[in-house]
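Number of protein chains: 2
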Amino acid sequence: METLKIVKIGGHIINDEVALNAFLDDFAQVTSPKILVHGGGKSATKLAQQMNIEVQMIEGRRITNAETLDIITMVYAGNINKKIVAKLQARNNNAMGFSGADGNCIVSEKRPVQTIDYGFVGDIKKVNTGNLKILLNQEITPVFCAITHDENGQLLNTNADTVASELAIAFANEYTTELYYCFEKNGVLEDVNNDDSVIETIDTKNYQTLLENKIISDGMLPKLTNCFHAIHHQVEKVHIGKSEMLLNKNLTHTTIQK
Amino acid sequence: METLKIVKIGGHIINDEVALNAFLDDFAQVTSPKILVHGGGKSATKLAQQMNIEVQMIEGRRITNAETLDIITMVYAGNINKKIVAKLQARNNNAMGFSGADGNCIVSEKRPVQTIDYGFVGDIKKVNTGNLKILLNQEITPVFCAITHDENGQLLNTNADTVASELAIAFANEYTTELYYCFEKNGVLEDVNNDDSVIETIDTKNYQTLLENKIISDGMLPKLTNCFHAIHHQVEKVHIGKSEMLLNKNLTHTTIQK
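Chains as they are written, first to last, in our numbering: chain A, 1004 to 1261; chain B, 1004 to 1261.
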């Protein structure tokens, strides 16, 4: 089967014009079929502040009320997504920017209220790969922002790491899928203050030890949950590190294995 | 040849939730291949005010500096475009939302500075129909916001009426194209204060008379220029009026003829 690379970039790359351009230089050189996924949390917070809209956080997680969803849609699907697409076109990488509503590609359901009401947050139910495959065959790169929809007209804020892992899983029947989480660090670090302390391989077994020894930081936990979910659902490879790993296989980074 | 309907909606429909839903109810029932084009000027002005960003107007035209382009991209490509797509999906009308940068569909060049520097405003150079045709064949409705790009990474604010007419012209070799300008009035009016004074047919000949007698209002002039440009470049039909004309051919409205 042909390889499909699903690449997710985080806020640190998106919010830094130089870092974003450097990433896109690398990404545009990836010759296999590929999909880019981005979030953009910090830009949304900045816009909310400019508009004097309060950002509600509970246990470190953003609550998405209607106003916040509007902001997220403007920033993620509007400004960030279209800038990335235009920059890819300038690099002769034909791209189309999407939310999950576009082409009905990613369907989610509003997270049920239990102890916390997260508001307009969606948990992914289904990825429709058909139209995306047609575009991939035309050498078009889909660029997804982290917004999905419920098929009933409601857009929903969705975790970008999860969008990436669910895309990789959904395509695993049609391609050999590889999932890349690109961020500003060299990989998952044993010591968060030492960028050379990369844990090069994490598998189910040493992951338990890392958890028990509290070596995995809180922020890294949901990402690793997504990684293991992917690797246990036919995704061939999962990598975490700097975007240069896309082109240089020998670059030190973290690989997730079963 | 199969018919392709290019439908443009203006700010009055977009900014009014009830009017937008009513329009989309009609639009979703159009069974032929179709493309939707929207602007959204007033929402952009509102956001600029909320962000305390000054909107510069010269001779009634918005000057698009970098800040304004960001706002336009957020509002048009983000909030409005994705809401329309989600609402179409809820009506079982599969749709994908685009700027001209997506799929490199609409290429423009920054308007050269003569007496006025309009800033990041683009005049359309080329429409690439290939990938759009593939999507139309999949019964997907492209939804375009009025933003294009220059192929060098720069997004450009572009007149929505012109986006619609250039799309209609570009597809005229492959489809019988019909162009619909939907707005809140019944058509081009002889008396702007009398909604029953619709001029049912405007052709090259009576257009001159209407111009000489100053019956065409200033706001209607650029739209009619686009209409005649389209009709003289193989577009089969051009209509101006309420969106109900999409489904009811007998509804009074204005038809533009050669």
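Hints are not guaranteed to be accurate.
As the list claims (entries may be wrong) - Listed next, the in silico DSS-like pairs over lysine-lysine satisfying Cα-Cα at most 27 Å (straight line):
| # | chain 1 | residue 1 | chain 2 | residue 2 |
| --- | --- | --- | --- | --- |
| 1 | A | K1261 | A | K1188 |
| 2 | B | K1240 | B | K1261 |
| 3 | B | K1129 | B | K1049 |
| 4 | B | K1129 | B | K1113 |
| 5 | A | K1049 | B | K1208 |
| 6 | A | K1136 | B | K1136 |
| 7 | A | K1045 | B | K1049 |
| 8 | A | K1208 | A | K1261 |
| 9 | A | K1049 | B | K1045 |
| 10 | B | K1261 | B | K1049 |
| 11 | A | K1252 | A | K1049 |
| 12 | A | K1208 | A | K1252 |
Said to hold, decoys possible - Under 10 Å between C-beta atoms, here's a sample of chain A residues computed to sit facing chain B:
| # | residue |
| --- | --- |
| 13 | K1045 |
| 14 | I1056 |
| 15 | M1060 |
| 16 | I1061 |
| 17 | K1085 |
| 18 | A1098 |
| 19 | H1152 |
| 20 | Q1157 |
| 21 | F1231 |
Hints listed in this document are in silico derivations from the structure and should not be mistaken for laboratory results. All figures in this text were calculated on a predicted structure; none of them were measured in a lab. Glycine included, each C-beta is placed from N, C-alpha and C at the ideal position.
We went through each hint and held it up to the structure:
With a C-alpha separation of about 23 Å, the suggested pairing of K1261(A) with K1188(A) holds against the 27 Å cut-off. For the given pair, K1240(B) sits about 10 Å from K1261(B) by alpha-carbon distance, which is consistent with the 27 Å threshold. With a C-alpha separation of about 31 Å, the suggested pair K1129(B) and K1049(B) falls outside the 27 Å cut-off, and the hint is violated. For the proposed pair K1129(B) and K1113(B), the alpha carbon gap of about 13 Å is at most 27 Å, so the pair holds.
Pair hint K1049(A) plus K1208(B) does not hold up; C-alpha atoms about 55 Å apart against a cutoff of 27 Å. For the given pair, K1136(A) sits about 16 Å from K1136(B) by alpha-carbon distance, which is consistent with the 27 Å threshold. Proposed proximity of K1045(A) and K1049(B) is supported: the alpha carbons are some 23 Å apart, at most 27 Å. Proximity of K1208(A) to K1261(A) is assessed by CA-CA distance (about 9 Å); at most 27 Å being required, the pair is judged to hold.
Restraint check: the Cα-Cα separation between K1049(A) and K1045(B) comes to about 23 Å, which is no more than 27 Å; the hinted pair holds. A threshold of 27 Å between alpha carbons decides the hint, and for K1261(B) with K1049(B) the separation of about 39 Å lies outside it, so the pair is violated. About 36 Å separates the Cα atoms of K1252(A) and K1049(A), which puts this hinted pair outside 27 Å; it is violated. Taking the CA atoms of K1208(A) and K1252(A), the gap is about 24 Å. The hint holds against a cut of 27 Å.
At about 15 Å, the closest approach between the beta carbon of K1045(A) and any beta carbon in chain B exceeds 10 Å, and the interface hint on this residue is violated. Against a cut-off of 10 Å between C-beta atoms, the interface hint on I1056(A) holds, since the closest Cβ of chain B lies about 9 Å away. For the restraint placing M1060(A) at the interface with chain B, the shortest Cβ-Cβ distance is roughly 22 Å, beyond the 10 Å limit, so the hint is violated. Interface restraint check: I1061(A) against chain B, minimum CB-CB distance 25 Å, threshold 10 Å, status violated.
Below 10 Å, beta-carbon pairs count as interface contacts, and K1085(A) has one with chain B at about 5 Å; its hint therefore holds. With 10 Å as the threshold, the beta carbon of A1098(A) comes within range of chain B, its nearest partner Cβ sitting at about 7 Å, so the hint holds. Look at H1152(A): its Cβ gets to within about 5 Å of chain B, closer than 10 Å, so that hint holds up. For the restraint placing Q1157(A) at the interface with chain B, the shortest Cβ-Cβ distance is roughly 7 Å, inside the 10 Å limit, so the hint holds.
Given hint, F1231(A) at the interface with chain B, is violated; its Cβ is 31 Å from that chain's nearest Cβ, farther than 10 Å.
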